[in-house]
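**Q** Build the full structure now, drawing on both the sequences and the hints.
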Amino acid sequence: MEWGGILAYLVSFAIMASIYAVFCLGLNVQWGYTGLFNIGIAGFFCLGAYTSALITTPKPTGVYAQYVKQLFGLGLPFPFGLLGAALICGLVAFLVGIPTLRLREDYLAIATIGIAETFRLIFNNEQWLANGPRGLMGLPQPLQGLVPPEYYNYLYLGIVFSVMWLIYLAIELAIRSPWGRVLKAIREDEISAAMSGKDVFRFKMQSLVLGSMIMGIGGALYAHYTKAISPDVFTPLYGTFIIWVMLMAGGSGNNRGAILGAFLVWGIWIGTKFLTDLLPYTMKARAPYIRFLIVGILLELILIYRPQGILGEEKRVSRFLED
Amino acid sequence: MLELFVYGIVLGSIIALGAIGLTLVYGILRFANFAHGELMTAGAYVALFFVGTLLPRLGIPNDPLSPFSFGWRMVVAFPLAMAAVAAVAVLLDRVLYRKLRQKGSTAVMMAMSALGASLILRMIVLILWGGDYRSFFPGVLRPAVELPLGIKVRPDQILILAVATVLVVLLHLFLHHTKIGKAMRATADNMELARISGIRTERIIVWTWVIGGCLAAAGGVLYGIDVQIHPGMGWNFLLPLFAAAILGGIGKVYGALIGGLVIGVLQQLSTAWLLPTYKPAVAFIGMIVILLLRPQGIFGGKD
Amino acid sequence: MSLLAVERIRAGYSEEVDILQGVSLQVEQGQIVAIIGPNGAGKSTLLKAIFGILRPKEGRVVFDGEDITGLPPETVVRKGMSYVPQVRNVFPSLTVQENLEMGAFIRRDGFFERIEEIYRMFPDLREKRHQKVGRLSGGQRQMVAMGRALMLDPKLLLLDEPSAGLAPAMVEMVFEKIREINRRGVAVLIVEQNAKEALKFSDHGYVLAMGRNALDGPGQELLRNEEVAKLYLGG
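Residue numbers (our numbering), protein chains in the order written: chain A, 10 to 332; chain B, 70 to 372; chain C, 178 to 412.
These are calculated hints, taken from the structure and not from any lab test. As the structure is a prediction and not an experimental result, all values here were calculated from the model. A portion of the hints provided could be inaccurate.
Restraint-style ranges between C-beta atoms, simulated for each label pair [as the list claims (entries may be wrong)]:
{"#": "1", "chain 1": "B", "residue 1": "Gln365", "chain 2": "C", "residue 2": "Glu304", "range": "27 to 33 Å"}
{"#": "2", "chain 1": "C", "residue 1": "Glu403", "chain 2": "B", "residue 2": "Lys168", "range": "53 to 59 Å"}
{"#": "3", "chain 1": "A", "residue 1": "Gly84", "chain 2": "B", "residue 2": "Glu215", "range": "53 to 59 Å"}
{"#": "4", "chain 1": "C", "residue 1": "Gly315", "chain 2": "B", "residue 2": "Leu197", "range": "28 to 34 Å"}
{"#": "5", "chain 1": "A", "residue 1": "Lys207", "chain 2": "C", "residue 2": "Arg284", "range": "49 to 55 Å"}
{"#": "6", "chain 1": "C", "residue 1": "Phe289", "chain 2": "A", "residue 2": "Ile200", "range": "42 to 48 Å"}
Far from chain B, by Cβ distances over 10 Å, these chain A residues were calculated [claimed, not checked]:
{"#": "7", "residue": "Leu83"}
{"#": "8", "residue": "Phe170"}
{"#": "9", "residue": "Ala179"}
{"#": "10", "residue": "Phe210"}
{"#": "11", "residue": "Phe272"}
One-sided excerpt, in silico: chain B residues whose CB lies under 10 Å from chain A [unchecked claim]:
{"#": "12", "residue": "Asn131"}
{"#": "13", "residue": "Lys168"}
{"#": "14", "residue": "Ala186"}
{"#": "15", "residue": "Ala312"}
For glycine and all other residues, C-beta sits at the position ideal for the given N, C-alpha and C.
**A** Here you go:
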C-alpha cells in the first residue's frame, strides 16, 4: 500500500473518530458532569442526522418524488444543517426531559432506551417522513467544489476537527463557570445541592439539552460524511453502546478523556477488523459479532478494573480555585 | 378485539415471567438488570440447541404430542433450558456483578455492566446461530381451536397460559412456605437486617439469580413455541419487561405479574391501529404514563 | 473473664474521619450495661463496631473469650450475640411469625419451644402473629424487633435506642421487657438517649462523649453524680 492510500485511510479513521469524539463530549456533559444515565444516544444521533439531511436536501420533485419521500426539504447550506440538527435535538431533549428528569437514574436510563427505539421505529416505518427503511442518499457535502474529489476528505477532516475543538473549548469554559460548579455539586450529592437552594431540575435539564444538541451536531457531521443514512445505521450498538465504551475508556468527567476514548476505542474497533479478516471464510459472516463481543468484554474489564477510565476525572473545576 | 385481548393475555403471561424475575432481582440486588431480556433469549436458544441438535442424537422422538406443536424433545428441553440459564445467570453474577458489589459500585455502574453483559450474551448467540429467525418446529401445522365467542386460540397458547400459571403458583409456594423463600423476601425488605439475623445474603443472591434465570428462560422458550425466536428478541422484550415491573411496583412479584398481563394486552390491542413493530414503543408509552401518574406503581408503597 | 471486652476501638464510616477515638468497655455475664452521652458521641457507632457492621480500624473486641474483631454480622450472630438496630429493625412486609422465623434462621433445633417462649414474653404478638409487621404500631414493632433478636437464645443482646420514637407508656413497657429479658440471664448492652431511665436498671454505665470514654461506674452512682445529672439527665 503506497503512502497516499495509507494517508487516505488514516484520514477516514480520523474523521470517524472525531465524529464519535463529538458524541463523547456530549455524553460527557450529561453523564460525566451531571450523572445522567443516557442510553438513548442513538436516538439523538438518528434525529440529528436526519434533521440535517432534510434541511440540506431539496424536496424531491417530479419523477424523483416517486422514489424518495420526504416530509420537507429546504436545500439550505451545511451550517444550517448543523444548526437545525442542534436545535431540533435540543428541543426534543427538552420535551423528553420534562417527564423523565425527575426519575431515578435507572428509570431515566430505561426511558432513554425507549426514546431511541421509538425514534428508530418511526423513521423506519413512516415513509412519508424520510423515506422509511431506504433512507436518504446523495446528501450534500460542505464546500464540495473547493478541492478535487479525491482530496475532499482532508477538507472534511478539517471541518470535523474544527467543530470538535470548538465544542471542546465551549464545554471547558462552561464547566469552569459557576454553572459548571453547580453541576458538579449535583452529581456529587444531589440532596445537599437541592437543599442549598439550587433548582436541580433546571440544571439537569440544561445539561440534558446541551449534551443532546452536541449529539445532534455529531449526527449531522456523520450524515454529511457518509452522504447516505438509513434507520438501520442508528442501532443501539453503533449509536449508543460504542460511545459509552469510548467515554468510560477515556475517562468520564474529563473532556480530553472523551476525545482520547473516542480515538482509542475506534482504533480498537478498526483493529478488530484486521483480526477478523484473518478468520476462515466460513466465519466471515460472524465477524461483526465477534468484534462487538470484544468491545463488550472490554467494557466489562474497564468497569471492573478501571472504572475511572485512562485519564480519570478532571481534578480542577474552576481555574480560580487552587487545590 | 376480544381475540386480541386473549392474545394479549398470552403474550402478557410471557412478559410476566420475565418481569417477575426482573423485579425480584431489583428488589434484592437493587439494580436494573438490563441483561434480563437476554436471559430469555438464552433460554430460547438453549432449548433450540436441545431440540434441534442434542436430543435427536440421543434418539428422542419429535412427533408432536397432539394437539400441541411440540413433542417429547421439548418436554425434556424445557427444564434443561431453565437450568442452563439459571447457571448462566449465576455465572454472570460471580464473574461480574459480585465483583462490582464488593467494590461498592453504584447502581448505575451495575446497570451499565448489565448492559455490557446483554451485549456479550447477544453476540454469543449471534456467533453460534446467526441472525435469522428460527422456529422450534418448522413445518409443523398448528391449527387453531375455536372457543366460545368465536375466539380462535391455538392449543399451544392455552398451554403457555397453563405453564405460566403453574410456575407462578410454584413461585408463590416457594416464597411463602419455604425457609429460603422467606429469607429472600426478608432480604428484599432489609438486607442489612437479614445479615444481622445470620442469613448469608450471598447465598440468597444466588437463589435470586437461579429463580430469575429459570423464569426468564421459561418465558423465552414459551415465546419461541408461540411465535419464533431470533437473537434480538431479548432486547425487544426489555422495554415491556421494565414497563411491567414498574407498573406493578418495583420489587413486587404480584405487581410484575399484573403488570405483565396489562402490558401484553396493551401491546396486542395496539396492533388494531399500529404496525406490530411498534409494540415496544407502546410498552414504552405505557411506562412513561405510569411514571407520570403513579411512579411507585400499583402495589408500590413509599420506598 | 468478662463476657464482652471492648479494647480501645477506633472506628469511623470513612477513611478520613474517626467517630470513635479509642473506646473501651466491659460487660459481665448477666449484666445490664448502659451507654449514654450526647448526640454524635458515637454510641450507635460503637454497637455497630462491636457487632461487625463497621470494621474497627484499631482495637479489639473479645466475646466469650474469642477475638471477634471485624468479623461480619452473619458470623458474630452465630457466636451468641444479637443486635437490634435503632431504625429499620424489622421486616415490614413479613408477618410477625415470619419475622421471628427469620430471627431463628440459623437455628438447628428447638425452634418451636423457643417461639412459644417468645410469645409468652410478648403476648401481644401472639394474637397478631399473622399480621404484616409494617402495619403494627411503633411499640409493637419494637417488640417484634427484640423478639427476632432473642430467637437464638443470645448470651448478649445489643439494643440501639429501643425507646426512640415511642410514647411514654410504650417506653415503660419496653424497659420492663428489657428487665425481664435480663432476669432470664441475657446480658444487655443498651445505648439510650433516655439516660435516666436506662441508668435506673443498669448494673453499670458508660458515658461517651466525642468518641471517647468520659466516665463510667455503677448505674446508681452515675444517677447520683451531679455532673452527669446536669449534662445528660436533664437536671
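**Q** If a hint holds in the structure, say so; if it does not, say that too.
**A** Consistency of the hints with the structure:
Between Gln365(B) and Glu304(C) the Cβ separation comes to about 31 Å, which falls inside the hinted range of 27 to 33 Å. A hinted range of 53 to 59 Å for the beta carbons of Glu403(C) and Lys168(B) is consistent with their spacing of about 56 Å. Taken as a hint, the range 53 to 59 Å holds for the pair Gly84(A) and Glu215(B), whose Cβ atoms sit roughly 58 Å apart. Judged by the Cβ atoms, the range 28 to 34 Å given for Gly315(C) and Leu197(B) is violated: they are separated by roughly 57 Å.
Against the hinted window of 49 to 55 Å, the Cβ-Cβ separation of Lys207(A) and Arg284(C) comes to about 51 Å, which satisfies the hint. Between Phe289(C) and Ile200(A) the Cβ separation comes to about 47 Å, which falls inside the hinted range of 42 to 48 Å. Leu83(A), annotated as away from the interface, keeps every beta carbon of chain B farther than 10 Å; the closest lies near 28 Å. No Cβ of chain B comes within 10 Å of the Cβ of Phe170(A); the nearest lies about 30 Å off, and the non-interface call holds.
Residue placement check: Ala179(A) keeps its beta carbon more than 10 Å from all beta carbons of chain B (closest about 26 Å). Even its closest Cβ contact with chain B, about 15 Å, leaves Phe210(A) beyond 10 Å, as expected for a residue assigned away from the interface. Phe272(A), annotated as away from the interface, keeps every beta carbon of chain B farther than 10 Å; the closest lies near 21 Å. Interface hint at Asn131(B): violated, since its Cβ lies 28 Å from the closest Cβ of chain A, which is beyond the 10 Å cut-off.
With its C-beta approaching chain A no nearer than about 5 Å, Lys168(B) sits inside the 10 Å limit, and its interface hint holds. For Ala186(B), the suggested interface contact is upheld, since its CB lies about 7 Å from the closest CB of chain A, less than 10 Å. Hint on Ala312(B) holds. Least Cβ distance to chain A is approximately 8 Å, under the 10 Å limit.
When each numbered hint is compared with the structure, violations occur for hints 4, 12.
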